[in-house]
Amino acid sequence: TLFAVNSGNGQIVYNSALTKVGTFGKEGNGEKEFLRPHGITANPDGDVYIADTGNDRVVKLRYRKGELVWEKVFVDSLVEPFGVAIDSKKRVYVTEKGASRILVFDSLGNCLRSVVGGGDVLQAPTSIAVIDQDDLWNYYQENFFVVIDKGNKRITKFNLNGRLLNSVDARTIGLAEADFAYLAIDYYANVYVTDQLNHQIHKFDRNLNYLISFGKEGTGDNEFYSPRGITIWRRFGQVFIVEAEGGQYYWLGLDGYLIGCFPEKFTLKKPGTTIALYLTELAQVKVTIFDGNSQLIRQLTPEHYQKSGEVLIVWDGRDNQGRVVRPGQYRIKLEIRPTYSAPKRYFKKELEALVECVEESGIGG
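Quick note: the sequence shown uses the numbering used here, first residue 195, plus one each step.
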């Protein structure tokens, strides 16, 4: 079941069945009422939390048998609560945009810690996402939360005790302007952020190194119009994105680009080349090398995992018998596959490059 917020109408929208859409609440400040709500989060046990921004509170609902039920005001007397997230231990993380701080509560509503902004550390945080080592679907057993702050132009990462780890802003990834809206974290702890201004999804690795941006303005395939909410079901790699009008559903995918081979020509005396590859996700990679007659001369690597980002693979210029190859052209073939989610079963991408072994006099000029 998916839950979303209709901030303008003070309602929660959810699908109680595959094709049935339900709503809960109305605009107001009482029970079963919300005023300009923003963040929403849920867990498999049916706990649903809403940052009821206009009422300066966080509300807890329960999802049972296809219906939402009001449980209680979880915590109130906040200052413009905007984002909310829950971890595997049922700790609830709340951003207070108006107070430039993050509060962490236990499941009973007791405040465990407060992360307070100071100077440039934390400025008016909005959306928040969390991953902890006890989450079953956490490949690297990471412990961190990320927030959007500083006028929706920065992503800041903290450990679960509130220590600042890293940050990245729009200019770092080459954007003159941006309007970051919401965040999500996948199985490999990659961070995804929606950008309403540029109509894109930006992806970063678990250390906030920029990987890729996806989409453009439009209503066609792989296009968005002011994307806002985003959530990822880590177990299966499903991604759900809410836009200004409607929403879209994706599987986590993979892309890769061949940067090149360095050098493209090598000699018998100095054989070998370095293959430079760029991956947007942890991938299964296989590298094979063929001669000019399309005969396999080297199984360079069996299928193995390679991390996201730039990958360097060295071929020493030798064949499967350990002999330096003869002068001529050689075709390097790379095959990349996703490591999980539905595309793992059918998706693969093949990349090719040509290199040449030459006599010493063939280099240069």
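Source of the hints: derived by calculation from the structure; they are not laboratory data.
Given the structure is predicted, the values throughout are model-derived calculations rather than measurements.
A portion of the hints provided could be inaccurate.
[What the hints assert, rightly or not] Dumping the calculated DSSO-like pairs for lysine-lysine here, alpha-carbon to alpha-carbon at most 27 Å: (1) LYS254 x LYS283; (2) LYS226 x LYS266; (3) LYS527 x LYS543; (4) LYS283 x LYS351.
[Unchecked claim] If you anchor each label on the Cβ, the simulated ranges turn out as follows: (5) LYS459 x GLY516: 18 to 26 Å; (6) PRO238 x PHE484: 30 to 38 Å; (7) ASP415 x ASP326: 32 to 40 Å; (8) TRP445 x GLY503: 19 to 27 Å; (9) ARG230 x GLN317: 42 to 50 Å; (10) GLY345 x THR468: 36 to 44 Å.
Positions of the beta carbon are idealized from the N, C-alpha and C atoms, including for glycine.
Comparing the hints with the structure gives:
no., hint, result
1, LYS254 x LYS283, "16 Å, holds"
2, LYS226 x LYS266, "9 Å, holds"
3, LYS527 x LYS543, "10 Å, holds"
4, LYS283 x LYS351, "20 Å, holds"
5, LYS459 x GLY516: 18 to 26 Å, "22 Å, holds"
6, PRO238 x PHE484: 30 to 38 Å, "48 Å, violated"
7, ASP415 x ASP326: 32 to 40 Å, "35 Å, holds"
8, TRP445 x GLY503: 19 to 27 Å, "21 Å, holds"
9, ARG230 x GLN317: 42 to 50 Å, "20 Å, violated"
10, GLY345 x THR468: 36 to 44 Å, "42 Å, holds"
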